[in-house]
Amino acid sequence: MINPDAQLNPSLFEEDIAQVPTRNGYGEGLVLAGEENPNVVALCADLKESTRVEAFAKKFPERFVEIGVAEQNMATVAAGLGVSGKIPFISSYATFSPGRNWEQIRTTICYNDSNVKIAGHHAGISVGPDGATHQATEDIAMMRALPNMRVIVPCDAIEARKATMAAAHIWGPVYLRFAREKTPVITTDSTPFAPGRIQVLWESKKPEVLVIGAGPILANALFAAHDLEKEKIGTIVVNCHTLKPLDEKGIIALAKRAEAVVTVEEHQITGGLGGAVAEALAKHHPIPIEFVGMHDTFGESGTPSELMEKYGMGVKDILAAIKKVIRRKK
Amino acid sequence: MEALHEKKLQFLELMTNRLRQEVIRIVSGAGSGHIAGPLDTAEIFTSMYFHVLQHDPKHPHWAHRDRMVVSCGHYCPMFYATLAHAGYFKVEELKTLRRIDSRLQGHPHRNALPGLETTSGPLGSGVSQAAGMALAARLDRKKCRVYCLTSDGEHQEGNTWEGIMFAAKHRLSNLTVIVDRNNIQIDGYTEDIMPLEPFRAKYEAFGWHVVEVNGHDIPAFIGAIAEAQAIYEKPTVIIAHTVAARGVSFMERDYLWHSKPFKPGEAEQALKELKAEQEKIAQSHEK
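Line by line, the protein sequences are chains A and B. Residue numbers in the first sequence follow numbering that gives the first Met the number 0, run continuously in steps of one, and reach 329 at the last position. Residue numbers in the second sequence follow numbering that gives the first Met the number 0, run continuously in steps of one, and reach 286 at the last position.
No wet-lab data here; the hints were simulated from the structure. C-beta atoms are modelled at their ideal positions from N, C-alpha and C, and glycine is treated no differently. Keep in mind that a hint or two might mislead.
[To be verified] Examples of chain A residues toward chain B, derived with CB under 8 Å:
| hint | residue |
| --- | --- |
| 1 | 66 |
| 2 | 69 |
| 3 | 72 |
| 4 | 77 |
| 5 | 85 |
| 6 | 106 |
| 7 | 107 |
| 8 | 111 |
| 9 | 168 |
| 10 | 171 |
| 11 | 203 |
| 12 | 207 |
| 13 | 300 |
| 14 | 301 |
[Unchecked claim] Using 20 Å as the maximum straight-line C-alpha spacing, the simulated EDC-like pairs for lysine to aspartate or glutamate come out as follows:
| hint | chain 1 | residue 1 | chain 2 | residue 2 |
| --- | --- | --- | --- | --- |
| 15 | A | 58 | B | 139 |
| 16 | B | 142 | A | 61 |
| 17 | B | 168 | A | 61 |
| 18 | B | 168 | A | 188 |
All chains, full assembly: derive it from the sequences and hints.
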């Protein structure tokens, strides 16, 4: 059943659940962070509307910097601002930032320890018709490998707003990942959000599997858990919004109760959430694990739901992974 | 900026010689490192740290200091030598260059050593960072200026031109870029590898004020800085024409000295030449 402490959306399992893109939460959070702290500045690479920086730009025109189509410049200008007392948020599609400007992020933001926040938009395959060139499925791996970097993947628009505001308070580089499409609003304003801590969203009485997810795909994990309850298969579903630093302690404690794990993400399983969890389990508590995510392939054009199904990240794929990992427990 | 009187000029000229000797000693001591660029920017570094910059080596984080961004991180033997002689850390520490546990990393790391405004080495990212600092200074209504030393070779990087475009858009007149136009890079001469000319026209077309100067002429270089400070409408670039590896006859103009280990006797020979030059500078001002 739903963990009451998480105070999730009461209409979670209803057909008409509210759907909002996580990027909207970024836009709202950025304005709130800007109101809170005059040092927050926003940079954008010719994608003001679709990365939802527009509201900030309207409210704080003097603190909005339009860079044009130049992501390497965006990262390095931000690096200069970040060592000068500013808190720059840089926004573009994740394939370009942190894709195209990875070395600049490595040297001038991470190694340089500049207080820059990187918002990677249109992440995952659910970008849809634009095709694989615009579907970032490697960004978490690229960011997770960088020393000094923190990585946060919000599961819905409300959490995106909280994560954006939290990032302004965290000193140092932070990567935030957002999606294009409308996705179910899982949480509420009252849902606690603590960066660096996993959060239990669903907990059965006798859990056989721990499902760890990050990002909007968590809704599919919850739908799967809900379906399995009817089949008397118990699960725990956790929101692992902070992939780095990973809450190893929290994950291991729950893994010891379930003794099997499924990771769920809209990203390559290599180097993403699956990789991170596998590293933690291998170190502390090696048990069977199954991975739901992109399996070493690029996406393509299509509707988001068609793509999620074709590339194995739908509810039925999560159900199959849970059942498979249970079989492997013996 | 104070006027440059005769005594100060002699001090600066002697400092360039001292720093060149330091570069030879520390690079030969380290067994590796870059030579040509560091040697040919002695006048630039000396002019900046001992005459131009508003800075306080005892308070490297002073909020209103001028920023000196060294985009070409491989120039760090000269950069470190200058910082040490300016008082940022003990000259003694220079000999730890490139060694384990040293604050003097093979390429400069901001958090390792006082006086560094950024981490650099990977080329082409300095102008943009300096532009970001200049923009931050403007937002905060600070009067400090931002200077960025670049190599000519790193103008082959797209990121450099992105930064140049950005600074012009924002009319960052508090930003001055200094180019060490020594015409060499690792694989050869810039105009053979990937031509930069017409260099001046490119900067002008991008909306910058351009000053060309002999990079070894201290009064002329300081004059160029004064001109940059008087330009209010746009950023300024000082194209400082230099002789690669200036100061050591058998290294000058040879691109192979971009970076190569010394053979036995070469460092000693270089120091001998530089000491002779030191005498000449001392005598020239006695006349």
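Hints, one by one, checked against the model:
no.	hint	result
1	66	7 Å, holds
2	69	4 Å, holds
3	72	4 Å, holds
4	77	6 Å, holds
5	85	5 Å, holds
6	106	5 Å, holds
7	107	5 Å, holds
8	111	4 Å, holds
9	168	20 Å, violated
10	171	11 Å, violated
11	203	47 Å, violated
12	207	47 Å, violated
13	300	29 Å, violated
14	301	33 Å, violated
15	A:58 - B:139	18 Å, holds
16	B:142 - A:61	18 Å, holds
17	B:168 - A:61	14 Å, holds
18	B:168 - A:188	41 Å, violated
Consistency note: the structure conflicts with the earlier hints numbered 9, 10, 11, 12, 13, 14, 18.
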